[in-house]
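First to last, the sequence lines map onto chains A and B.
Quick note: the first sequence, position 126, residue 126 per the working numbering, numbers continuous.
Quick note: the second sequence, position 320, residue 320 per the working numbering, numbers continuous.
Please keep in mind that the hints were generated in silico from the structure rather than gathered at the bench.
Each hint should be verified, as a subset may be incorrect.
Okay, the calculated bits of chain A under chain B, using three or more residues with CB under 8 Å as the criterion [unchecked claim]: (1) 13-26; (2) 65-71; (3) 144-158.
Negatives, chain B to chain A, calculated, CB over 12 Å [claimed, not checked]: (4) E59; (5) E176; (6) A180.
A few chain B residues that face chain A, going by a derived Cβ cut-off under 7 Å, partial list only [unchecked claim]: (7) S109; (8) M110; (9) G217; (10) A218.
Fair warning: this is a prediction, and the values are worked out from it, not measured in the lab.
Each residue gets a CB set at the ideal place from its N, CA and C atoms; glycine is no exception.
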Amino acid sequence: MRRMAEYRLEVNGDSLDVSAPDHWTLLEVLRYRLALTGSKQGCDKGDCGACTVLVDGKPWLACLTLARSVVGRRITTIEGLLPAHRANGGSGADPVQAAFDRCGALQCGFCQPGMILSAKALLAKTPQPTRDEMREALSGNLCRCTGYTQIFEAIESAVASELGLKPAARAWGAPPVSCAARKDGGA
Amino acid sequence: MLRLPQFELVQPSTVAEAVRALAECPGALVVAGGTDLVPNLKHELFTPPRVVSLALLAELRGIRRENDGSLVIGAMTPLAEVAESELVRAQAPALAQACSLIAGPQLRSMGTLGGNVMLDTRCQWYNQTYFWRAALGFCMKKDGTECHVVKGGRTCVAAASNDSAPALMTLGASLEIATASGKRTLALDDFWVADGIYNKQVARDEIVTAIRVPATGAGHRGAYGKLRDRGSIDFPLLGVAVRLELDAQDTVAQADVVITALAAQPKRITKVAEALAGTKPGTAAFDAAVEAVGALAHKQCKPLPNIPGDADYRREMVPVYVRRTLQAAARREGPVHHV
Ligand SMILES: Cc1cc2nc3c(=O)[nH]c(=O)nc-3n(C[C@H](O)[C@H](O)[C@H](O)COP(=O)(O)OP(=O)(O)OC[C@H]3O[C@@H](n4cnc5c(N)ncnc54)[C@H](O)[C@@H]3O)c2cc1C
Ligand code: SF4
Ligand code: FES
Ligand code: FES
Numbered sequence: 001m002r003r004m005a006e007y008r009l010e011v012n013g014d015s016l017d018v019s020a021p022d023h024w025t026l027l028e029v030l031r032y033r034l035a036l037t038g039s040k041q042g043c044d045k046g047d048c049g050a051c052t053v054l055v056d057g058k059p060w061l062a063c064l065t066l067a068r069s070v071v072g073r074r075i076t077t078i079e080g081l082l083p084a085h086r087a088n089g090g091s092g093a094d095p096v097q098a099a100f101d102r103c104g105a106l107q108c109g110f111c112q113p114g115m116i117l118s119a120k121a122l123l124a125k126t127p128q129p130t131r132d133e134m135r136e137a138l139s140g141n142l143c144r145c146t147g148y149t150q151i152f153e154a155i156e157s158a159v160a161s162e163l164g165l166k167p168a169a170r171a172w173g174a175p176p177v178s179c180a181a182r183k184d185g186g187a
Numbered sequence: 001m002l003r004l005p006q007f008e009l010v011q012p013s014t015v016a017e018a019v020r021a022l023a024e025c026p027g028a029l030v031v032a033g034g035t036d037l038v039p040n041l042k043h044e045l046f047t048p049p050r051v052v053s054l055a056l057l058a059e060l061r062g063i064r065r066e067n068d069g070s071l072v073i074g075a076m077t078p079l080a081e082v083a084e085s086e087l088v089r090a091q092a093p094a095l096a097q098a099c100s101l102i103a104g105p106q107l108r109s110m111g112t113l114g115g116n117v118m119l120d121t122r123c124q125w126y127n128q129t130y131f132w133r134a135a136l137g138f139c140m141k142k143d144g145t146e147c148h149v150v151k152g153g154r155t156c157v158a159a160a161s162n163d164s165a166p167a168l169m170t171l172g173a174s175l176e177i178a179t180a181s182g183k184r185t186l187a188l189d190d191f192w193v194a195d196g197i198y199n200k201q202v203a204r205d206e207i208v209t210a211i212r213v214p215a216t217g218a219g220h221r222g223a224y225g226k227l228r229d230r231g232s233i234d235f236p237l238l239g240v241a242v243r244l245e246l247d248a249q250d251t252v253a254q255a256d257v258v259i260t261a262l263a264a265q266p267k268r269i270t271k272v273a274e275a276l277a278g279t280k281p282g283t284a285a286f287d288a289a290v291e292a293v294g295a296l297a298h299k300q301c302k303p304l305p306n307i308p309g310d311a312d313y314r315r316e317m318v319p320v321y322v323r324r325t326l327q328a329a330a331r332r333e334g335p336v337h338h339v
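Build the full structure now, drawing on both the sequences and the hints.
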């Protein structure tokens with residue numbers, strides 16, 4: 001019964017050959033076959049969002065996905081953000097990753113890959129989200145450390161720096177971005 | 001870390017192949033988005049030799065409007081798409097609202113409407129790991145002989161917890177089903193069996209291909225109200241779907257209230273239309289009728305300690321959510337939710 005299935009997944013723009021049993025989840029294949037351990041194994045049953053990846057741009061829980069069911073679909077993990085940003089001519093880290101860093105939107109960091117990917121999915125759809133839209137988009141990602149405020153501030157800071165705004169100013173109708181003042185002015 | 005039990009995964013590319021893949025392997029199970037089945041497999045509530053995934057069946061995705069105005073929603077359409085569809089929001093607001101409150105954002109991009117209709121019933125003694133269940137002593141629904149909710153009970157009362165189901169019932173929806181011997185349709189009202197172990201009239205080797213929602217007119221009003229602990233992720237502690245049909249004078253001609261997360265099937269509250277008929281939203285008479293319907297629902301619904309949440313509290317919230325959801329429908333608002 002424990003047959004290996006051979007298939008190819010498209011992860012972060014690379015076509016990767018996988019050999020794994022049919023009952024492995026996408027999270028297991030990412031972590032234990034492809035060594036992409038950025039996607040975290042939290043609850044392993046859909047409750048926490050630590051394993052969030054993007055599938056064709058949509059936020060997706062890798063722990064509940066049968067790996068072979070996403071053959072042919074575009075999978076993005078946290079490891080894919082920086083190369084994609086650089087390939088688009090950007091420098092430094094991905095703007096959302098940079099903002100999480102700048103705003104101290106983490107303590108232990110376990111929830112962060114999932115938070116950032118949910119935030120990326122939100123910003124792709126809604127480039128200038130309100131706080132309510134952020135709350136809704138991140139409501140499937142639990143953080144046991146931060147209290148969420150700095151996470152929302154990080155998203156606001158990322159938007160502000162994309163718009164070339166001084167992040168300390170009220171940017172697009174959202175509350176003022178307070179984290180930017182703390183460190184490097186959100187540059 | 002929760003591992004899946006071993007199984008063979010089959011991913012057919014036509015419905016006919018899928019039905020065959022189920023028929024030729026007794027005990028095989030269907031998987032759509034996997035957001036209900038995968039946790040249940042991890043908890044060893046099922047150990048199928050084969051899992052048949054509908055993921056590649058593009059023909060089961062999408063929402064279309066028929067000539068007679070009815071909506072046909074493919075079983076594999078993601079919940080997020082149902083919630084955001086302009087067609088569904090305009091014609092079946094209660095369904096769009098219910099889907100918008102299911103689980104959280106990731107689960108709504110993965111989970112499908114067909115999977116939601118076919119959701120397994122839930123109980124706090126059942127949706128647990130094998131280790132947990134073994135420690136307590138198994139129950140009738142899986143591996144055991146007794147019920148921990150109703151002592152001495154002979155029927156499992158695990159709760160129907162699918163948010164879309166009560167909304168679909170108020171809308172008079174039906175299922176299109178593919179079987180080894182052909183096709184059939186089944187009204188959602190006739191779908192249920194009063195047994196929490198398996199509460200459906202759709203067999204494990206049948207495939208729901210689409211959900212059909214009859215046309216509604218200009219006087220249609222619908223809304224969904226959901227009680228849960230947090231503003232996201234959680235299953236309903238109570239789900240209330242309502243429908244009002246207003247006549248040309250804007251008075252209520254027809255009304256329906258269906259409540260879920262009680263026992264194995266959603267409950268249609270009786271005498272609702274009689275109470276509301278002839279009243280006009282925005283008047284004291286309507287408000288009084290709404291109050292009366294809340295009292296009817298309170299009398300007819302008896303939440304059990306099957307799902308989390310204090311049963312007495314859930315019962316006291318029945319009239320509150322019925323009143324708010326009826327008022328929201330009348331104002332073309334909703335969903336009713338605490339955040
Ligand atoms: C943390 C968490 C929170 C959740 N919260 C909610 C909630 O608030 N409300 C809610 O309603 N649900 C909730 N769910 C359950 C689930 O996400 C949804 O019900 C979803 O719609 C299930 O659809 P799916 O496609 O993922 O189903 P699957 O898991 O693929 O399937 C569910 C069941 O239906 C059967 N099935 C699926 N498709 C078909 C078909 N086309 N024909 C025949 N049988 C089929 C499967 O065999 C299985 O038994 C939650 C799940 C999790 C993990
Ligand atoms: S109601 Fe709960 S405890 Fe009782 S048999 Fe059903 S699942 Fe088991
Ligand atoms: S690990 Fe996937 S949701 Fe928690
Ligand atoms: S930073 Fe620790 S869980 Fe979010």
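Going through the hints against the structure:
1. 13-26: n = 5 at 8 Å, threshold three: holds.
2. 65-71: Check passed, 5 qualifying residues.
3. 144-158: Coverage by chain B is violated for the stretch 144-158 of chain A (0 residues, Cβ < 8 Å).
4. E59: holds (16 Å)
5. E176: holds (23 Å)
6. A180: Holds, because the least Cβ-Cβ distance between A180/B and chain A comes to about 23 Å, which exceeds 12 Å.
7. S109: For S109/B, the interface hint holds, since the closest Cβ of chain A sits about 4 Å away, which is under 7 Å.
8. M110: With a closest approach of 6 Å, the M110/B hint holds.
9. G217: Violated. Min distance 32 Å.
10. A218: Since the shortest Cβ distance to chain A is 30 Å, the answer is violated.
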